[in-house]
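What follows is the residue order along each chain.
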Amino acid sequence: MKKMTLGAILALGLFSGTALAQSAWTGGDDLPTSPLACDGTPAAAVSVPYDGGAPTNPPDRNGKKITVVDVPKLIGIGYFNATTKGILDAAAELGNVDAKTDGPTKANIDEQITFLDNYITSGVDGILFAANDPVAIAPVLKKALEKGINVVGYDANSTPDARQWFVNQAQFNGIAKALVDQMATEVGGEGGVAIVTSTFTTPNQARWIAEMAAYAAACHPKLKWLETVEAQEDNNLSFNQATTLINKYGDELKGIWGMTSVATPASAEAVTQAKACGKIAVVGLATPNAMKPYVGADCVKSVVLWNPVDLGYAAMHVLRQVADGTLKPGATSVKAGKLGELQVINGSEILLGAPYVFNKDNINDFDF
Amino acid sequence: MSAASPAIGRSNLHRFLSGYGQEIVVLLSIVALFIVVGAVNPRFLSDNNINSIFAGNAYIAIAAIGMSMIIMAGHIDVSVGALIGVIATIAGTLAVAGYPVWIAWTVPILFAIMVNAGVGALVAYTRIPSIVVTLGMLSILKGGLITATAGEWISGMPVEFMIAQMRPFGIPSAVWFMVGLTIVAALFMRYTDFGRAIYAVGGNMEAARAAGINPERTVVGVFALHGFFAGVAGILFATQLQVIQSTVPPNLELTVITASVIGGVSILGGTGTVIGSTLAAILFACIGSALIFLNVSAYWLRAVLGLMILATVLADMARRRRAR
Numbered sequence: 105m106k107k108m109t110l111g112a113i114l115a116l117g118l119f120s121g122t123a124l125a126q127s128a129w130t131g132g133d134d135l136p137t138s139p140l141a142c143d144g145t146p147a148a149a150v151s152v153p154y155d156g157g158a159p160t161n162p163p164d165r166n167g168k169k170i171t172v173v174d175v176p177k178l179i180g181i182g183y184f185n186a187t188t189k190g191i192l193d194a195a196a197e198l199g200n201v202d203a204k205t206d207g208p209t210k211a212n213i214d215e216q217i218t219f220l221d222n223y224i225t226s227g228v229d230g231i232l233f234a235a236n237d238p239v240a241i242a243p244v245l246k247k248a249l250e251k252g253i254n255v256v257g258y259d260a261n262s263t264p265d266a267r268q269w270f271v272n273q274a275q276f277n278g279i280a281k282a283l284v285d286q287m288a289t290e291v292g293g294e295g296g297v298a299i300v301t302s303t304f305t306t307p308n309q310a311r312w313i314a315e316m317a318a319y320a321a322a323c324h325p326k327l328k329w330l331e332t333v334e335a336q337e338d339n340n341l342s343f344n345q346a347t348t349l350i351n352k353y354g355d356e357l358k359g360i361w362g363m364t365s366v367a368t369p370a371s372a373e374a375v376t377q378a379k380a381c382g383k384i385a386v387v388g389l390a391t392p393n394a395m396k397p398y399v400g401a402d403c404v405k406s407v408v409l410w411n412p413v414d415l416g417y418a419a420m421h422v423l424r425q426v427a428d429g430t431l432k433p434g435a436t437s438v439k440a441g442k443l444g445e446l447q448v449i450n451g452s453e454i455l456l457g458a459p460y461v462f463n464k465d466n467i468n469d470f471d472f
Numbered sequence: 003m004s005a006a007s008p009a010i011g012r013s014n015l016h017r018f019l020s021g022y023g024q025e026i027v028v029l030l031s032i033v034a035l036f037i038v039v040g041a042v043n044p045r046f047l048s049d050n051n052i053n054s055i056f057a058g059n060a061y062i063a064i065a066a067i068g069m070s071m072i073i074m075a076g077h078i079d080v081s082v083g084a085l086i087g088v089i090a091t092i093a094g095t096l097a098v099a100g101y102p103v104w105i106a107w108t109v110p111i112l113f114a115i116m117v118n119a120g121v122g123a124l125v126a127y128t129r130i131p132s133i134v135v136t137l138g139m140l141s142i143l144k145g146g147l148i149t150a151t152a153g154e155w156i157s158g159m160p161v162e163f164m165i166a167q168m169r170p171f172g173i174p175s176a177v178w179f180m181v182g183l184t185i186v187a188a189l190f191m192r193y194t195d196f197g198r199a200i201y202a203v204g205g206n207m208e209a210a211r212a213a214g215i216n217p218e219r220t221v222v223g224v225f226a227l228h229g230f231f232a233g234v235a236g237i238l239f240a241t242q243l244q245v246i247q248s249t250v251p252p253n254l255e256l257t258v259i260t261a262s263v264i265g266g267v268s269i270l271g272g273t274g275t276v277i278g279s280t281l282a283a284i285l286f287a288c289i290g291s292a293l294i295f296l297n298v299s300a301y302w303l304r305a306v307l308g309l310m311i312l313a314t315v316l317a318d319m320a321r322r323r324r325a326r
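Protein chains in written order, with my numbering: chain A, 105 to 472; chain B, 3 to 326.
Only chain A is shown next, with the shape it has when bound in the complex (with noise of 0.2 Å):
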């Protein structure tokens, strides 16, 4: 039995010697991809009827003060004070809007849907919400649309006849474009580079990685895939994942891509701890917050996300300009203050735009 205990780790070792080369990048999936264009050209809008609800017999809110109440996934956490943050901005450069935010202390959908349901009986003109659960949230928000109150979705969307509106803070090949040129440009447009994600199958990791390869392969074709390793979503397995990456690929590995706000400032420890700082990049999706060592010393230049203030934001104003009616169904762009022209995706979705970048100049101003 000893022997076999050795046996079966000699045969794995001898075994593994031969290994395949892949075209693809591991660890994406096989469903199509639409990179973006290499220079950021919006693609055509593929016209897609509107899909969301409409409220019944709403009153005639056109420019008149309207009352607003936000109710995100749970209350207290530096992301939706963020977003809580830009919804005030906008009502304050609106002045006819009314806005506070309530909600769970917990990401709970029944402490949420009690939330709504008081905030419905109370009477408001408009409602912000980010779901706790796509279904489970839809029929409260159904009875609001049904009492004439206006209803907008951000940041984690219901089912789209249970609100009018959702903004939307992402796109996968939004994300994928961000992640790559934020990468080509840190190692010159060359180079090896690798992935540390969380596991091969978890559907938004495997999807941004399908549509990286896919964006990397017409823009940045002289990027060179090396690998991708798994690290679930353990912090010091991630660092093991990297700092093994790391001595593997020796000079030939320029850059490292974080998939998770767990590999990412992982990945940077790796390469601080190998004093690889400026020789190896690292560009990831993650939060400020698990980000600022890293950044602050200049090891890591960029940081991929959305910035939740810029998603309150445009939120507000989306929601201003349903209640005064001048946002109707078959809009194909709509105006958001300061963030300009935003487009109408998938019918009754609106899109935040390209990903933020946060860098060592911008980075402190966030705390989530």
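Some clues are possibly wrong.
Residues from chain B that face chain A, not an exhaustive set, calculated with beta carbons under 8 Å [said to hold, decoys possible]: (1) Gly-40; (2) Asn-43; (3) Arg-45; (4) Ser-48; (5) Asn-50; (6) Asn-51; (7) Gly-58; (8) Gln-242; (9) Leu-243; (10) Gln-244; (11) Ser-248; (12) Thr-249; (13) Pro-252; (14) Leu-270; (15) Gly-290; (16) Ser-291.
With beta-carbon atoms standing in for the labels, derived distance ranges [unchecked claim]: (17) B:Val-315 <-> A:Thr-289: 45 to 55 Å; (18) A:Asn-463 <-> B:Val-181: 19 to 29 Å; (19) B:Leu-312 <-> A:Lys-328: 31 to 41 Å; (20) B:Ile-148 <-> A:Asp-237: 17 to 27 Å.
Keep in mind the hints are simulated off the structure, nothing from the lab.
Note that beta-carbon positions come from the ideal geometry of N, C-alpha and C, so glycine has one too.
Using the hints provided, position chain B relative to the given structure of chain A.
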């Protein structure tokens, strides 16, 4: 684990081999991996990579020392991963709040000893199976951690707090801790009354009682000791990176238990050594690194570990049948 008799020659060697059989298998596996993978890609044997193999899983090895003692005493603890997460968070919070680093290091360890002594007392005196008590503890610690931190990460710890990043004499401090604690624990298990009492209680509780050992007190003691090792592991876990994740690392308790079992600790209690579990933790790090160097999917790590557990347990069963 009988003490070697003063016999000489073949029988002495045979006794040594049967006493440390599993440890030797694990050690040879590590050596074999170094040879095979080093031949395929010499960078595997670079100083940096060897350092990261030994340091990468040091905290798992240290937690596995305590886990081995628990299993040798005939119990199990499935809450150790959550406990390590809680310890890391307490340590990080204290360090960020400006307490001296020695307080940020020792207070969480004392906390871990107290929590586990409580668990041990529940197990010993109420006779609730340890898997049930520690499953409950797992939920309490995980839930408490998420509630207390609200999912926020801790960052901004002072540099002097980062003990796992220090490198006395060029070797990561985590490795020093792993080697030092393993040696101390091995001597403790072999040469102290308490160490031998752990084996006795795990082998046959009533026989141990008849021999004048207080099994309840031994169980409380071994859980408290396990708390100490989990505490040290938690501090190393907390100080490896500049951010502390508020979620418990997935499956950490399973990795720790697996290290103990593959290191030769019998799941039925009564036998095993802490050297084996440390070697097994190093072997995991070695396999994990080797898979990347050989371009093999990380999925294999889980499959290989599963195969190794089965092989080890079967070998243990076979040994017991032969001994009977």
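Now the hints, each set against the structure:
Hint status for Gly-40 of chain B: violated, given a least beta-carbon distance of 10 Å to chain A, over 8 Å. For Asn-43 of chain B, the interface hint holds, the least distance from its beta-carbon to any beta-carbon of chain A being 7 Å, beneath 8 Å. Taking 8 Å as the C-beta contact cut-off toward chain A, the hint placing Arg-45 of chain B at the interface holds, the least distance being around 6 Å. Nearest Cβ of chain A to the Cβ of Ser-48 of chain B: about 6 Å, under the 8 Å cut. The hint holds.
The restraint placing Asn-50 of chain B at the interface with chain A holds, with a minimum CB-CB distance near 5 Å, inside the 8 Å limit. Against a cut-off of 8 Å between C-beta atoms, the interface hint on Asn-51 of chain B holds, since the closest Cβ of chain A lies about 4 Å away. About 4 Å separates the beta-carbon of Gly-58 of chain B from the nearest beta-carbon of chain A, less than 8 Å, and the hint is met. Among the interface hints, the one on Gln-242 of chain B holds; its C-beta lies about 6 Å from the nearest C-beta in chain A, closer than the 8 Å criterion.
Look at Leu-243 of chain B: its Cβ gets to within about 5 Å of chain A, closer than 8 Å, so that hint holds up. Satisfaction of the interface hint for Gln-244 of chain B is found here, the shortest Cβ-Cβ separation to chain A being roughly 4 Å, below the 8 Å cut-off. Evaluation of the Ser-248 of chain B hint against chain A yields a violated restraint, the C-beta minimum of about 10 Å exceeding 8 Å. Because the smallest distance between the Cβ of Thr-249 of chain B and any Cβ of chain A comes to about 7 Å, under 8 Å, the interface hint for this residue holds.
Of the supplied interface hints, the one on Pro-252 of chain B holds, with its beta-carbon coming within about 6 Å of a beta-carbon of chain A, less than 8 Å. Among the interface hints, the one on Leu-270 of chain B is violated; its C-beta lies about 16 Å from the nearest C-beta in chain A, farther than the 8 Å criterion. The interface hint given for Gly-290 of chain B is met, as the beta carbon of that residue sits about 7 Å from the closest beta carbon of chain A, less than 8 Å. Because the smallest distance between the Cβ of Ser-291 of chain B and any Cβ of chain A comes to about 5 Å, under 8 Å, the interface hint for this residue holds.
Between Val-315 of chain B and Thr-289 of chain A the beta carbons are some 53 Å apart, a value that agrees with the proposed interval 45 to 55 Å. As the Cβ distance of Asn-463 of chain A to Val-181 of chain B is approximately 42 Å, the hint placing it in 19 to 29 Å is violated. For the pair Leu-312 of chain B and Lys-328 of chain A, the supplied restraint of 31 to 41 Å holds, since their beta-carbon distance comes to about 40 Å. A hinted range of 17 to 27 Å for the beta carbons of Ile-148 of chain B and Asp-237 of chain A is consistent with their spacing of about 18 Å.
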